[in-house]
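Number of protein chains: 2
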Amino acid sequence: MLRHCLAAAIAFAIALPVAAIAADQPAAHTPTPKELLAKSQPQEWRTPDPQNLLIMTLPKGQVLIELAPDFTPLHVANIRTLVREHYFDGLAIVRVQDNFVTQWGDPEDDDNGDKSKLKPLGSAKAKLPPEYTRPFDAKLPFTRLPDGDVYAPEVGFSQGFPVGRDKAHGQEWLTHCYGMVGVGRDADPETGSGTGLYVVIGQAPRGLDRNLAVVGRVLQGMEYLSGLPRGTGPLGFYDKPEQRVGISAIQLASELPPEQRPKIEVLRTDSATFTALIEAKRNRRDDFYRNPAGKIDLCSINIPVREAKAQP
Amino acid sequence: MLRHCLAAAIAFAIALPVAAIAADQPAAHTPTPKELLAKSQPQEWRTPDPQNLLIMTLPKGQVLIELAPDFTPLHVANIRTLVREHYFDGLAIVRVQDNFVTQWGDPEDDDNGDKSKLKPLGSAKAKLPPEYTRPFDAKLPFTRLPDGDVYAPEVGFSQGFPVGRDKAHGQEWLTHCYGMVGVGRDADPETGSGTGLYVVIGQAPRGLDRNLAVVGRVLQGMEYLSGLPRGTGPLGFYDKPEQRVGISAIQLASELPPEQRPKIEVLRTDSATFTALIEAKRNRRDDFYRNPAGKIDLCSINIPVREAKAQP
Numbered sequence: 001m002l003r004h005c006l007a008a009a010i011a012f013a014i015a016l017p018v019a020a021i022a023a024d025q026p027a028a029h030t031p032t033p034k035e036l037l038a039k040s041q042p043q044e045w046r047t048p049d050p051q052n053l054l055i056m057t058l059p060k061g062q063v064l065i066e067l068a069p070d071f072t073p074l075h076v077a078n079i080r081t082l083v084r085e086h087y088f089d090g091l092a093i094v095r096v097q098d099n100f101v102t103q104w105g106d107p108e109d110d111d112n113g114d115k116s117k118l119k120p121l122g123s124a125k126a127k128l129p130p131e132y133t134r135p136f137d138a139k140l141p142f143t144r145l146p147d148g149d150v151y152a153p154e155v156g157f158s159q160g161f162p163v164g165r166d167k168a169h170g171q172e173w174l175t176h177c178y179g180m181v182g183v184g185r186d187a188d189p190e191t192g193s194g195t196g197l198y199v200v201i202g203q204a205p206r207g208l209d210r211n212l213a214v215v216g217r218v219l220q221g222m223e224y225l226s227g228l229p230r231g232t233g234p235l236g237f238y239d240k241p242e243q244r245v246g247i248s249a250i251q252l253a254s255e256l257p258p259e260q261r262p263k264i265e266v267l268r269t270d271s272a273t274f275t276a277l278i279e280a281k282r283n284r285r286d287d288f289y290r291n292p293a294g295k296i297d298l299c300s301i302n303i304p305v306r307e308a309k310a311q312p
Numbered sequence: 001m002l003r004h005c006l007a008a009a010i011a012f013a014i015a016l017p018v019a020a021i022a023a024d025q026p027a028a029h030t031p032t033p034k035e036l037l038a039k040s041q042p043q044e045w046r047t048p049d050p051q052n053l054l055i056m057t058l059p060k061g062q063v064l065i066e067l068a069p070d071f072t073p074l075h076v077a078n079i080r081t082l083v084r085e086h087y088f089d090g091l092a093i094v095r096v097q098d099n100f101v102t103q104w105g106d107p108e109d110d111d112n113g114d115k116s117k118l119k120p121l122g123s124a125k126a127k128l129p130p131e132y133t134r135p136f137d138a139k140l141p142f143t144r145l146p147d148g149d150v151y152a153p154e155v156g157f158s159q160g161f162p163v164g165r166d167k168a169h170g171q172e173w174l175t176h177c178y179g180m181v182g183v184g185r186d187a188d189p190e191t192g193s194g195t196g197l198y199v200v201i202g203q204a205p206r207g208l209d210r211n212l213a214v215v216g217r218v219l220q221g222m223e224y225l226s227g228l229p230r231g232t233g234p235l236g237f238y239d240k241p242e243q244r245v246g247i248s249a250i251q252l253a254s255e256l257p258p259e260q261r262p263k264i265e266v267l268r269t270d271s272a273t274f275t276a277l278i279e280a281k282r283n284r285r286d287d288f289y290r291n292p293a294g295k296i297d298l299c300s301i302n303i304p305v306r307e308a309k310a311q312p
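Same order as they appear, the protein sequences are chains A and B.
Take 1 as the starting number for the first sequence in the UniProt record's numbering and just add one per residue.
Take 1 as the starting number for the second sequence in the UniProt record's numbering and just add one per residue.
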């Protein structure tokens, strides 16, 4: 039963029309994600720019992170420099705070660390100006969600990332949804550099939006960051060195020979199939879901990623 | 730096007034949670009813779950029966799906399980009517949040649980926030019994609201459910028996001698201090937070739990 049970809630069940409880819900069945993806067109998928694709190698597997240079260009450029110069190789995951973030960087870069042992930055910058929002640009693609948001006047997706917009104040920004990657900093807003990065592993901490530089999103391997024992020190830091998870390397796909780059494709967030997936999730009605929400929130939408088909 | 960094985002920093970007934000500093809790009154804390307190013993620690009989009375009663008759003792966590749920129950209760080996239910019922919503009751306490919600007409807290309300349709229900516990079922709405339970470990899957019976909330030990390796089978099921996490026992606190019951207190969600915590989180402004959200969503609010002071 268990596998049916809740499992059915996200399985691709045969959709049946059922009696509606809320009168404003459509009675027809909704297509499943599997059905919608099967009908997607090749041009609806994109290969991430290898200049924007980080490959993080952990003991149990690889994490792929897509960078968002249109939103945080200075931070992304600095992270590329750090990565090219192998800054992260040999560093570690140092913090896993439940329902908040997993964070990695230099273990010595910590209140209890020995600052004399800090890994040198190389040619990367030690401080950057804040890039917490960017000027609103009507030319950036935007797939707006119809159901509103508690925090931002408008929310939707741009170039594969969840975005909040405030046209009245001329700003837009990446939001702290599950799997989004940001840059740690001190209290001074100009102290972030990209040497310490975090990823959201719980309920979206949207209060961080517009207070930190968000640089990208995990495309694959999120389970290697989220499924770790929580740190038992203050704020979820691992209080014993042996609890840390070593990072063999973080590489840029563009630095690898083409045949060694990850072969993945991401569904375009300005595609018809993505819009159809959003609609199907808003009004999901099938054998299991008797009371479709009729709504969807920004951080509950998954962006499909698939293995690229072999080139002919 | 790391410990400051993002760590400061939730640390109890000295609050400083800073220039407001959004004109509607108050310029004064906000009190920290630590400051607010230090001023709380003893009568603002409650000891969970031992009839509603489950103690789940896992290899790495204990999980405390508070049941919500005012919302799902039949399911809660059945779970109490299962627990009193030691149904869960020796069963296991069978599924950890990233950004969704951790689920436990009888490993044989699975598409691949041997149904002849199913643990007998004892005097518990095998099926229950759906309790996905309950009739709206103005007498239940309700601390309403001021910033709206994507899914429900009204949201807030009642008796320590996050709640959605739809007065127009005369319904209220527990919402699927992080740490909420629900009852798995088959597609048929009358197939849930409480033998298979799940807890939310990611972004709140609010589309499940009003489709499943939510029976309670994890008060303590959430990290033992969320910080597990993700299952690699379909839907996050552990595909090898050795991956499962054994449950030594689930007990009801009321079945234990008083001196062996967990000594914890929960901040009342109808207390002045809880309201002050919500306000401080909505408009957090300190040395780190330069752009307070001015808003808060239901599932981003933590309900404080503390060790009870020793009785004199």
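Check each hint, because a few of them may be wrong.
Identical copies go unnamed one by one, so any copy, or any two together, can satisfy a pair.
Unchecked claim - For lysine to aspartate or glutamate, the following EDC-like pairs were computed, each having C-alpha atoms within a straight-line distance of at most 20 angstroms:
{"no.": "1", "residue 1": "Lys281", "residue 2": "Asp98"}
{"no.": "2", "residue 1": "Lys60", "residue 2": "Glu242"}
{"no.": "3", "residue 1": "Lys125", "residue 2": "Glu85"}
{"no.": "4", "residue 1": "Lys127", "residue 2": "Asp287"}
{"no.": "5", "residue 1": "Lys139", "residue 2": "Glu85"}
Everything labelled a hint here was simulated from the structure, so no lab data went into it.
(request) Against the structure, test the hints numbered earlier, and report the numbers of the ones violated in rising order. (result) 5
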